[in-house]
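These protein sequence lines map, in sequence, to chains A and B.
Each step along the first sequence adds one to the number in the numbering used here, with nothing skipped, and position 18 is 433.
Each step along the second sequence adds one to the number in the numbering used here, with nothing skipped, and position 56 is 471.
Source of the hints: derived by calculation from the structure; they are not laboratory data.
Hints should not be assumed to be uniformly reliable.
Taking beta-carbon pairs under 10 Å as the criterion, some of the chain B residues facing chain A (in silico) [to be verified]:
{"id": "1", "residue": "L472"}
{"id": "2", "residue": "L581"}
{"id": "3", "residue": "E590"}
Glycine included, each C-beta is placed from N, C-alpha and C at the ideal position.
Number of protein chains: 2
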Amino acid sequence: MDRVRNVTGKTKRLPRYVREQQMLDAAVQMFARRGYHAASMDEVAELAGVSKPMVYLYLGSKEELFLACIRREAGRLLDAFAGQVNQADAPDQQLWHALRAFFVLVAENRDSWRVLHQQAPAHGEPFAGEVAAMRTAIIAFAADLIDQNIRSRGVSEATEHDVSALAHALVGAGESLADWATEHPDEDPATTARRLMNFAWMGLDNLLHGSIWRP
Amino acid sequence: MDRVRNVTGKTKRLPRYVREQQMLDAAVQMFARRGYHAASMDEVAELAGVSKPMVYLYLGSKEELFLACIRREAGRLLDAFAGQVNQADAPDQQLWHALRAFFVLVAENRDSWRVLHQQAPAHGEPFAGEVAAMRTAIIAFAADLIDQNIRSRGVSEATEHDVSALAHALVGAGESLADWATEHPDEDPATTARRLMNFAWMGLDNLLHGSIWRP
DNA sequence: GTCCCTTCTTACTTACCAGTAAGATTACTG
DNA sequence: CAGTAATCTTACTGGTAAGTAAGAAGGGAC
Numbered sequence: 416m417d418r419v420r421n422v423t424g425k426t427k428r429l430p431r432y433v434r435e436q437q438m439l440d441a442a443v444q445m446f447a448r449r450g451y452h453a454a455s456m457d458e459v460a461e462l463a464g465v466s467k468p469m470v471y472l473y474l475g476s477k478e479e480l481f482l483a484c485i486r487r488e489a490g491r492l493l494d495a496f497a498g499q500v501n502q503a504d505a506p507d508q509q510l511w512h513a514l515r516a517f518f519v520l521v522a523e524n525r526d527s528w529r530v531l532h533q534q535a536p537a538h539g540e541p542f543a544g545e546v547a548a549m550r551t552a553i554i555a556f557a558a559d560l561i562d563q564n565i566r567s568r569g570v571s572e573a574t575e576h577d578v579s580a581l582a583h584a585l586v587g588a589g590e591s592l593a594d595w596a597t598e599h600p601d602e603d604p605a606t607t608a609r610r611l612m613n614f615a616w617m618g619l620d621n622l623l624h625g626s627i628w629r630p
Numbered sequence: 416m417d418r419v420r421n422v423t424g425k426t427k428r429l430p431r432y433v434r435e436q437q438m439l440d441a442a443v444q445m446f447a448r449r450g451y452h453a454a455s456m457d458e459v460a461e462l463a464g465v466s467k468p469m470v471y472l473y474l475g476s477k478e479e480l481f482l483a484c485i486r487r488e489a490g491r492l493l494d495a496f497a498g499q500v501n502q503a504d505a506p507d508q509q510l511w512h513a514l515r516a517f518f519v520l521v522a523e524n525r526d527s528w529r530v531l532h533q534q535a536p537a538h539g540e541p542f543a544g545e546v547a548a549m550r551t552a553i554i555a556f557a558a559d560l561i562d563q564n565i566r567s568r569g570v571s572e573a574t575e576h577d578v579s580a581l582a583h584a585l586v587g588a589g590e591s592l593a594d595w596a597t598e599h600p601d602e603d604p605a606t607t608a609r610r611l612m613n614f615a616w617m618g619l620d621n622l623l624h625g626s627i628w629r630p
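Working from the sequences, and respecting the hints, build out all of it.
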């Protein structure tokens with residue numbers, strides 16, 4: 416990221432908020448590509464077009480910088496979910512819209528996804544906890560959809576525990592497909608979402624009709 | 416890990432192979448609990464009941480030590496799969512046996528699982544590549560089972576691409592459930608395996624009978 | 001008992017990088 | 001056009017942990 420220069424060749428000054436976002440952009444990229452430890456503050460600063468003390472002035476420390484990245488990207492992901500979900504829709508429609516939004520977001524922000532999914536959980540507290548909280552919210556959303564579906568059919572002897580396990584499996588399948596999708600950039604995110612709907616929802620459908628797999 | 420002492424109070428010497436395994440045990444534990452970077456070679460050595468230069472003498476460097484951990488644990492995981500699979504069984508039985516072995520292994524070796532699933536992929540090459548290779552083998556196994564099932568029913572227009580996506584989703588669901596299971600140590604691994612069989616196989620069953628989810 | 005190979009330790013060097021002190025420069029404000 | 005409140009830099013310090021040099025000591029072979 417070359418630094419903007421004015422006519423006299425001197426470096427242009429930018430307001431704090433703009434610089435902070437540039438720093439976060441640079442940090443997300445570095446953390447995603449090199450990993451938390453291998454990414455040096457000097458490199459982040461250089462990529463942001465700024466000197467190192469500026470990063471410390473605005474973001475505090477390497478830990479706080481990483482946390483700020485995680486919070487920003489986690490917020491975006493949750494917003495993408497929330498923005499697509501309409502409580503009035505049927506459960507499968509809610510899941511469909513949420514998944515589509517998710518795969519679109521991941522396709523457009525691979526580095527963010529790597530930071531959230533691969534880097535943050537591996538580097539202990541407080542990073543892992545922050546991502547775990549986000550993931551818990553997503554799993555709760557999935558569990559709620561499954562639960563709605565169960566109740567609407569009156570089928571079930573499923574406990575909260577059972578539903579939680581299913582939600583974890585569903586979210587894990589989504590995460591894995593997100594990784595798979597980054598290796599197939601040609602695929603439309605909506606197609607990926609359809610794949611997961613079929614894999615997961617059809618399985619649930621079978622389950623909820625009392626069709627159980629036995630050893 | 417206190418060092419073994421003989422009657423005179425002097426430290427007991429052990430043959431190289433035994434020490435190496437102790438070092439790897441200690442390293443897996445440290446890497447899993449503290450993370451790759453936060454785990455220091457001094458701590459690993461102390462936990463193994465040995466001084467740091469011994470670790471360097473036998474295992475080479477921190478990178479090689481981590482790689483050795485990954486290779487050993489990945490090998491065990493693949494062996495656990497291979498040992499349970501009988502080609503003569505029906506596809507669902509093969510998957511069932513493999514999943515049960517997998518969840519048993521994870522329940523008994525949480526640290527190994529954390530190293531393979533959480534630490535190794537986050538710290539770049541050559542670690543990520545080593546785990547990716549193992550994961551590719553597992554996904555190929557899953558894809559093969561799905562494919563067998565498809566062919567045996569003669570149902571399908573599924574491409575290799577489609578099958579690969581399903582296999583990725585299935586494996587991701589398994590990984591996520593493995594994490595979930597470590598938070599529920601009371602649950603029998605076989606029960607966890609049954610959960611996944613129901614979630615995944617019932618979904619596939621529906622798919623293969625031509626029952627497709629549509630937006 | 002004594003030779004000698006393997007196991008094992010203490011005590012050090014060195015490189016890297018997070019974090020900072022001190023001050024220069026720009027541009028807004030009255 | 002001063003005064004001043006931001007933005008921004010160069011040049012440094014210090015702590016931490018990877019990696020190593022040099023040699024001590026157990027224990028099997030004969």
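Right, here's what the structure says about each hint:
Hint status for L472/B relative to chain A: violated, with the closest Cβ pair at about 26 Å, above 10 Å. At its closest, the beta carbon of L581/B sits 6 Å from a beta carbon of chain A; the interface hint therefore holds under the 10 Å criterion. For E590/B, the suggested interface contact is upheld, since its CB lies about 6 Å from the closest CB of chain A, less than 10 Å.
When each numbered hint is compared with the structure, a violation occurs for hint 1 only.
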